[in-house]
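2 protein chains.
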Amino acid sequence: MISVEEAQRLVVEQASSLPPRAVPLEESLGLILAEAVASDVDSPPHDKAMVDGYAIRTADLANGAARLAIIEEVMAGDVPLRMLGRGEATRIMTGSPIPTGCDAVVMFERTDVVDVAGDALGTVVIRDAPMRPGANILKQGCSMRRGDVALEAGCEIRPIEIGLLAEMGRSTVETMPRPRVAILSTGNELVPPEQVPARGQIRNSNGPLLAAAVARAGGIAEPLGICRDESPALRGVISAGLRSNILVLSGGVSAGVLDLVPAVLSELGVRCVFHKVRLKPGKPLWFGVYCAGAANCLVFGLPGNPVSSLVCFELFVRPVMARLAGRMDIFPPRKQALLSRAFTHRGDRPTYHPAHLADDEGGVHVDPLKWHGSADLRALAAANALIHFASGDRQWMPGESLDVLPL
Amino acid sequence: MISVEEAQRLVVEQASSLPPRAVPLEESLGLILAEAVASDVDSPPHDKAMVDGYAIRTADLANGAARLAIIEEVMAGDVPLRMLGRGEATRIMTGSPIPTGCDAVVMFERTDVVDVAGDALGTVVIRDAPMRPGANILKQGCSMRRGDVALEAGCEIRPIEIGLLAEMGRSTVETMPRPRVAILSTGNELVPPEQVPARGQIRNSNGPLLAAAVARAGGIAEPLGICRDESPALRGVISAGLRSNILVLSGGVSAGVLDLVPAVLSELGVRCVFHKVRLKPGKPLWFGVYCAGAANCLVFGLPGNPVSSLVCFELFVRPVMARLAGRMDIFPPRKQALLSRAFTHRGDRPTYHPAHLADDEGGVHVDPLKWHGSADLRALAAANALIHFASGDRQWMPGESLDVLPL
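Protein sequence lines, in the order shown, are assigned to chains C and X.
Going letter by letter, the first sequence gives residues 1 to 407 in our numbering.
Going letter by letter, the second sequence gives residues 1 to 407 in our numbering.
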């Protein structure tokens, strides 16, 4: 049986980025940018006032004081029409272009206006405003010059990048698309959530869980519902799922007599890359690839129990989704945490045990939760992490450092 | 001028949770659960096999070995019809109910089947399987009993909770709705991203930036576009925006002559709670409340520069959105980080300075980025945090610990 690390390597080897696609700017949040974007403007587009006040010539100040004739008023969106001469000032708003001749802006708070009569704009009296040339002026292009590549391909588009793309004139942008992930739950024992299970039946919790996990990981979930363990039905619905970028099946991959899924996948031309991983929960994991021309579909057969499904999703499916979406850092960051209480781990497979992680005084602590195994989803409602225990029986002591995978 | 903390207190004081609403399970991801949910089933629903193998009676084992007649085969979704007698075994799949009389399950790997002839199921030979009663059996209800409240109101609905809700039979669920946030950019200088700005004009980067920030914070952005600084137009579009849970305006709240927004808001019956906060960037922040019967609208007038807008969004709008959505921890967690290089902060207001945070050997380090002030959005593309510098001039040394706000 292969290790988790080897299985991750084999999975990622089969995954390559999807072809880029242009999307409207407002739909690009969270995607990876697929082009380098250069600005078509200087930012700021002109030497501009950084405060509301008066554009002046510092040569007119004597000990930070002056009386200057107001020759013009420039509002936001307007441009100054008059050049500043000696003894003159222009009233100006934050962001406005400064007039020719001006070399500083004095903020309103240090000024008074007098001598306003008729149509005259009056005189501004400046007090206590010693200024160097350039004060309160932002130079054209100081943040970005026309032609500058301000965003490189490969960066994640956050709200900041959306603002910057808008500033650079982009209303559409080339991005890596969200992977489409088909989800199929298999098993004769499954009924939908709205149905009361008869004896021997259970509700399909895996389907909704995996669809939500796909959405949270930035993918488009394409739910295919429940399919019974019967070859003709499985063939039809699996064929449909192979049109997605990823097909996630749950159930039907352990050693049981009715586990028909691997056989049906093979019939349909899905090549098995591996089956079974040294992992608990999640040992029966099946992984294969379907090639149809240029379009590949990566196929995961996850075990039927919901906790196994979730662990396999986090370790294998989510990193592959990240790679398809053009991300570089595709494995979830691991943390180190200190065990909060003594805990004995037994078993011949590395185990991912539900746990609660808390950042308290004295560091990051992790508490292993009481857990009844791979079908016990309820224990996970209190979990925000999985502790990774190495294989082998061992008693762990409080304060020992362990690897954890935040959920 | 009030402090950031006082302003946050005043803002949160005006915010209360929105009325809960039933949504289909598949639309509940990321929302806060608004009801306690009890299970209508035991989990597991029956004593069940934890492995694929043979249901046996441990009394039949001698030194972990036995030859037992196979009396029945139980597939997933089936129920055993025959009770186990002495010397008998039932072939059974993981998850299946165990037959009456059985007290352990031996996994396939420790068995061989012999004597199969005609319709006979044959005999199972068990080797090297010393077992205690209860081995490989999960007891009915051990993870959850019918009537147990497995999820409390107030918890966040993650993929795990969606799986658990499905298991408990919920296809719809009471949740706290996403807040609807109207976004309006004001200013005569603004043009949409697809337009090339004329002299004195700039593109509206704030609108797209804030819409994306709202979406990322789990809200529904309702973009109202650009409005010129003219009272009649502002009145119309602001009236429309007051029908949302939150109205975010950007621009029009500093001291400029054309800053008509506060006047129009007042005319429309929006009560000002505060105007201006001791903060850089973001000083001109305006906040008020509009009451129309039971429905309130919280109104934020953000400064027109994109970095100021973003900082005010993170400090004030996002926590209020979290409160409306029913969350308890509404302020973004602050981190401590070690300054990576000497840095001089000057200014009489607490400042949020764009920075890059990295978790490297020796701890979490933060690097203040070169930044040209509140209009310089480009500097933020490299930022993943804001450093909080206290007011006053001070030279900070490498290795000093500072408060940071991750972005």
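Keep in mind the hints are simulated off the structure, nothing from the lab.
Just so you know, not all the hints are guaranteed correct.
[Said to hold, decoys possible] Calculated pairs, DMTMM-like style, for lysine to aspartate or glutamate (alpha carbon to alpha carbon, straight line, at most 25 Å):
1. Lys139/X / Glu35/X
2. Lys280/X / Glu5/X
3. Lys283/X / Asp47/C
4. Lys280/X / Asp47/C
5. Lys283/C / Glu13/C
6. Lys139/X / Asp42/X
7. Lys335/C / Asp359/X
8. Lys139/X / Glu230/X
9. Lys283/X / Asp329/C
10. Lys283/X / Asp40/C
11. Lys370/C / Asp40/X
12. Lys335/X / Asp329/C
13. Lys276/X / Asp403/X
Evaluated hints:
1. Lys139/X / Glu35/X: 29 Å, violated
2. Lys280/X / Glu5/X: 14 Å, holds
3. Lys283/X / Asp47/C: 22 Å, holds
4. Lys280/X / Asp47/C: With Cα atoms ~22 Å apart, Lys280/X and Asp47/C stay inside 25 Å; holds.
5. Lys283/C / Glu13/C: Distance ~20 Å between Lys283/C and Glu13/C Cα, so the pair holds.
6. Lys139/X / Asp42/X: 10 Å, holds
7. Lys335/C / Asp359/X: 11 Å, holds
8. Lys139/X / Glu230/X: Distance ~72 Å between Lys139/X and Glu230/X Cα, so the pair is violated.
9. Lys283/X / Asp329/C: 37 Å, violated
10. Lys283/X / Asp40/C: Roughly 30 Å separates the two Cα atoms, so the pair is violated.
11. Lys370/C / Asp40/X: 22 Å, holds
12. Lys335/X / Asp329/C: Given that 25 Å is the threshold and the Cα spacing comes to 23 Å, the pair holds.
13. Lys276/X / Asp403/X: 23 Å, holds
Comparing the model with each numbered hint stated earlier shows that hints 1, 8, 9, 10 do not hold.
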